[in-house]
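Enquirer: Keeping their order, the protein sequence lines are chains L and G. Per the numbering used here, numbering through the first sequence is continuous, rising by one, with the last residue being 112. Per the numbering used here, numbering through the second sequence is continuous, rising by one, with the last residue being 116.
Please keep in mind that the hints were generated in silico from the structure rather than gathered at the bench. Glycine included, every Cβ here is placed at the ideal spot set by N, Cα and C. Among the clues, some could well be false.
Below, a sample of chain L positions facing chain G; criterion: calculated Cβ distance under 8 Å [unchecked claim]:
hint	residue
1	9
2	34
3	42
4	44
5	46
6	49
7	79
8	99
9	100
10	102
11	103
12	104
Letter by letter, the chains look like this.
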Amino acid sequence: SQKIEQNSEALNIQEGKTATLTCNYTNYSPAYLQWYRQDPGRGPVFLLLIRENEKEKRKERLKVTFDTTLKQSLFHITASQPADSATYLCALEASGNTPLVFGKGTRLSVIA
Amino acid sequence: EADIYQTPRYLVIGTGKKITLECSQTMGHDKMYWYQQDPGMELHLIHYSYGVNSTEKGDLSSESTVSRIRTEHFPLTLESARPSHTSQYLCASSEWTGGGTNEKLFFGSGTQLSVL
Chain L
1 SQKIEQNSEA LNIQEGKTAT LTCNYTNYSP AYLQWYRQDP GRGPVFLLLI
51 RENEKEKRKE RLKVTFDTTL KQSLFHITAS QPADSATYLC ALEASGNTPL
101 VFGKGTRLSV IA
Chain G
1 EADIYQTPRY LVIGTGKKIT LECSQTMGHD KMYWYQQDPG MELHLIHYSY
51 GVNSTEKGDL SSESTVSRIR TEHFPLTLES ARPSHTSQYL CASSEWTGGG
101 TNEKLFFGSG TQLSVL
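Let the hints inform the model, and build the full structure from the sequences given.
Expert: Okay, structure coming up:
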């Protein structure tokens, strides 16, 4: 069956360190993968999109990698800050031109 | 300012009532979606639309209906609310990019529904 797994439900990290979140998928062949941030009681907010032919994408302190052989994406936040505390969701298309399917997310807590 | 709006923000209602959750966007997006999300769980697709007079069912559609009469408006209706419908409902929209892929979703703030 098709599945998206994000490595852990919760991740605690010290301020200033790099947070690394994992998204693994099974029985999908996505052309691209997206990452979103969700704060409590709010809708998700788009962060980054990475295509299958891209190994890495960066935006300010964020970096995403995409390994279609391992069927895995890694999401990094460098120099993490308490304001980065949120739930981070990965999402992909099950097949072309279909709505996004989301993982459960990883709740990141950055401790000062 | 271009945005996507959901009303009401919170709704507490009794079993058996008919309810409509409103969603409007000012970005002119063709594609709109309804997702349902329980705490700590993934978003589940309820319905989606790729344009006016176009609607499709998602995974959890059997107990609700949608309409898309205008581009900017995509309301969700529950004919008879039940306690199992208690959840957060998220509306989203995205642009049509021709190839149909690579678009990002813009989400509303959600409606938290409680059915007693």
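Enquirer: Give a verdict on every hint.
Expert: Here is what the structure says about each hint:
1. The restraint placing residue 9 (chain L) at the interface with chain G holds, with a minimum CB-CB distance near 7 Å, inside the 8 Å limit.
2. Here the hint on residue 34 (chain L) is kept, as its CB sits about 6 Å from the closest CB of chain G, short of 8 Å.
3. Using the Cβ-Cβ criterion of 8 Å, the hint placing residue 42 (chain L) at the interface with chain G is satisfied: the shortest such distance is roughly 6 Å.
4. The beta carbon of residue 44 (chain L) comes within 5 Å of a beta carbon in chain G, closer than 8 Å, and the hint placing it at the interface holds.
5. Checking residue 46 (chain L) against chain G by beta carbon gives a least distance of about 4 Å; that is within 8 Å, so the hint holds.
6. For residue 49 (chain L), the interface hint holds, the least distance from its beta-carbon to any beta-carbon of chain G being 6 Å, beneath 8 Å.
7. Interface restraint check: residue 79 (chain L) against chain G, minimum CB-CB distance 25 Å, threshold 8 Å, status violated.
8. The restraint placing residue 99 (chain L) at the interface with chain G holds, with a minimum CB-CB distance near 5 Å, inside the 8 Å limit.
9. A hinted interface residue such as residue 100 (chain L) counts as satisfied when its beta carbon comes closer than 8 Å to some beta carbon of chain G; here the least separation is about 6 Å, so the hint holds.
10. The closest approach between the C-beta of residue 102 (chain L) and any C-beta of chain G is roughly 4 Å, which is under the 8 Å cut-off, so the hint is satisfied.
11. Hint on residue 103 (chain L) holds. Least Cβ distance to chain G is approximately 6 Å, under the 8 Å limit.
12. Hint on residue 104 (chain L) holds. Least Cβ distance to chain G is approximately 5 Å, under the 8 Å limit.
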